[in-house]
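Residue numbers (the numbering used here), protein chains in the order written: chain R, 1 to 124; chain D, 125 to 248.
Derived by calculation from the structure, the hints in this document are not laboratory data. A portion of the hints provided could be inaccurate.
[To be verified] To list a few chain R residues with every Cβ distance to chain D over 10 Å, as calculated:
(1) A25
(2) R57
(3) W61
(4) M70
[To be verified] Derived coverage of chain D by chain R (criterion: at least 3 residues anywhere in the stretch with Cβ under 8 Å from a Cβ of chain R; other residues may be distant):
(5) 125-132
(6) 141-155
(7) 169-179
(8) 242-248
[To be verified] Derived coverage of chain R by chain D (criterion: at least 3 residues anywhere in the stretch with Cβ under 8 Å from a Cβ of chain D; other residues may be distant):
(9) 15-23
(10) 31-42
(11) 103-110
(12) 113-122
Beta carbons: idealized from backbone N, C-alpha and C, even for Gly.
There are 2 protein chains.
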Amino acid sequence: MLEQEGPFTPKFDEKGLVTSVVVDANGGQIVMLAHMNAEALALTIETGIAHYYSRSRQALWKKGETSGNMQYVKTMYTDCDQDAVIIEVEMTGDKVACHTGRKSCFYRSVEGIGSDDPKLVYAE
Amino acid sequence: MLEQEGPFTPKFDEKGLVTSVVVDANGGQIVMLAHMNAEALALTIETGIAHYYSRSRQALWKKGETSGNMQYVKTMYTDCDQDAVIIEVEMTGDKVACHTGRKSCFYRSVEGIGSDDPKLVYAE
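Looking at chain R on its own, in the form it has when it is part of the complex (with noise of 0.2 Å):
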């Protein structure tokens, strides 16, 4: 059943967490990387709003509710083991996700694949 159509079991590690992948709905950007505990997780499904588990401040974070840039759930993808779920949402307020202001906490690629020696530099 894990791998198969059915209820879904999210496997949490032994944190107790789950992975989120967090991906604008409209474009299909990658906009950041958060974990889920149970409690997080059931928000999150039962009011289409993005919970997250914060390990900083290991408490729940209702992300948005200090900056007003809230997720609104489209659509959650879990993948093979259910221990990661990818949502898709609608973000409100600036329409930023990283909390330097960015839209993506991802706007740095690291440059110097093929060599020893990497090197972070804005994405445009």
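Starting from the known structure of chain R, fit chain D onto it as the hints suggest.
Same frame as chain R, now just chain D:
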């Protein structure tokens, strides 16, 4: 420096891992999520071929070594706190990422957002 241009200083978690989101360079689909320890990340960058760390087997895992479905890294990105990467890859062999034979591990959607009874359904 952590959030700017410059050296790549990946932040491994307490298990020594960063999360890697793997994207098909042809079309942009997210095909899998995996983890890299320092050795796997260094080998990925030096060789341009995706290496991971298998948490279940607790061993370095050169993707495709047995299946032939290797992944050549075209572009790598990291996020604001450098604890995750995206790799855009050219897949070889059968050009599938999932052990089930599917292109992507994320072949099911979680239906029932807005309810407390989600179900997994095969996505197109």
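For each hint, the structure was consulted:
The Cβ of R:A25 sits about 12 Å from the closest Cβ of chain D, beyond the 10 Å cut-off, so the non-interface label holds. The Cβ of R:R57 lies farther than 10 Å from every Cβ of chain D, with a closest approach of about 14 Å, so its non-interface assignment holds. At the 10 Å boundary, the C-beta of R:W61 stays outside the reach of chain D, the nearest C-beta of that chain being 15 Å off. Its beta-carbon lying about 15 Å from the closest one in chain D, R:M70 satisfies the requirement of being farther than 10 Å from that chain.
Evaluation of the coverage hint for the stretch 125-132 of chain D: fulfilled, as 6 residues show C-beta separations to chain R shorter than 8 Å, against a requirement of three. For the stretch 141-155 of chain D, the stated coverage by chain R is satisfied: 5 residues place a CB nearer than 8 Å to a CB of that chain, which reaches the threshold of 3. Interface restraint, the stretch 169-179 of chain D with chain R: holds (4 residues with C-beta to C-beta distance below 8 Å; minimum three). With 6 residues having a beta carbon nearer than 8 Å to a beta carbon of chain R, the stretch 242-248 of chain D meets the requirement of three or more and the stated coverage holds.
Residues of the stretch 15-23 of chain R lying with their CB closer than 8 Å to a CB of chain D number 3, which satisfies the three-residue condition for coverage. Restraint check on the stretch 31-42 of chain R versus chain D: 3 residues with Cβ-Cβ distances below 8 Å, three needed, restraint holds. Only when three residues or more bring their CB closer than 8 Å to a CB of chain D does the claim for the stretch 103-110 of chain R stand; here the count is 6, and the claim holds. Counting residues of the stretch 113-122 of chain R whose CB falls under 8 Å from any CB of chain D gives 9; the rule of at least 3 is met.
Every hint from the earlier list agrees with this structure, and none is contradicted.
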